[in-house]
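Q: For the sequence shown, my numbering begins at 1 and goes up steadily by one.
Since the hints were derived computationally from the structure, they do not count as laboratory data. Honestly, I wouldn't trust all of these hints.
Just the calculated beta-carbon pair ranges, DEER-fashion [claimed, not checked]:
{"id": "1", "residue 1": "119", "residue 2": "49", "range": "20 to 28 Å"}
{"id": "2", "residue 1": "137", "residue 2": "98", "range": "37 to 45 Å"}
{"id": "3", "residue 1": "7", "residue 2": "69", "range": "52 to 60 Å"}
{"id": "4", "residue 1": "137", "residue 2": "69", "range": "26 to 34 Å"}
{"id": "5", "residue 1": "7", "residue 2": "103", "range": "48 to 56 Å"}
{"id": "6", "residue 1": "54", "residue 2": "138", "range": "18 to 26 Å"}
{"id": "7", "residue 1": "67", "residue 2": "46", "range": "17 to 25 Å"}
{"id": "8", "residue 1": "30", "residue 2": "5", "range": "33 to 41 Å"}
{"id": "9", "residue 1": "67", "residue 2": "6", "range": "46 to 54 Å"}
{"id": "10", "residue 1": "4", "residue 2": "67", "range": "49 to 57 Å"}
{"id": "11", "residue 1": "6", "residue 2": "144", "range": "42 to 50 Å"}
{"id": "12", "residue 1": "11", "residue 2": "70", "range": "51 to 59 Å"}
{"id": "13", "residue 1": "30", "residue 2": "8", "range": "29 to 37 Å"}
{"id": "14", "residue 1": "54", "residue 2": "7", "range": "34 to 42 Å"}
Cβ atoms here follow ideal geometry from the backbone N, Cα and C, with glycine treated the same way.
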Amino acid sequence: MNALAPARAAVAAGVLAGAAATVLLLRRSFELVVVHGGSMEPTLRDGDRVLVRRTTVFHRGDVVVVPVPEGSRTPEDPGWLVKRVSAVAGDGAAGGCPAVPAGHLAVLGDNPRSLDSRTFGAVPVRTALGVAVRRMARDGRPAQSLARSGRRASGAGASDGAGPGTGDGTCPGTGHDPSHDASRRNA
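Start from the sequences, fold in the hints, and give me the full structure.
A: Written as structure tokens, this is what we have:
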């Protein structure tokens, strides 16, 4: 019998244990989510798959996965929404909008016709699944990073807390219409 056989077996067992631990860690850290509907077009389309990193730290411009709010849920809903963070706690959403409450996010779809914070209000951070970091390859479309650009606070599709789809005049996360504020100045 080879004197090195027990050492090789121990090394192989260690490598297998390390690989199993890595797989478990990745499964706890990441989730694969399928996009349903067109609320994030043109960034994401119906059927796209996104890799989501579980986290509780969010920034304006992040593409996030949040639960469908109870009052907005229908039987055919998948249970999760993919949206872009338009404002975080303490941010005035834009144009005279009130600040987003502590522990909450205002989220918007990139498509103006989107079920988002303009309808259901701010989302509690504790309920969010995480940040979408990558669109996986599909139907000939290459994989695409969804990470925010290098700009601080305003990521892809967001500017001063107002992202695509904010043209209806209401404040994300509140349903508040700043044009009704007596204190609002005309620019």
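Q: Looking at the structure, which of the earlier hints fail to hold?
A: Violated: none.
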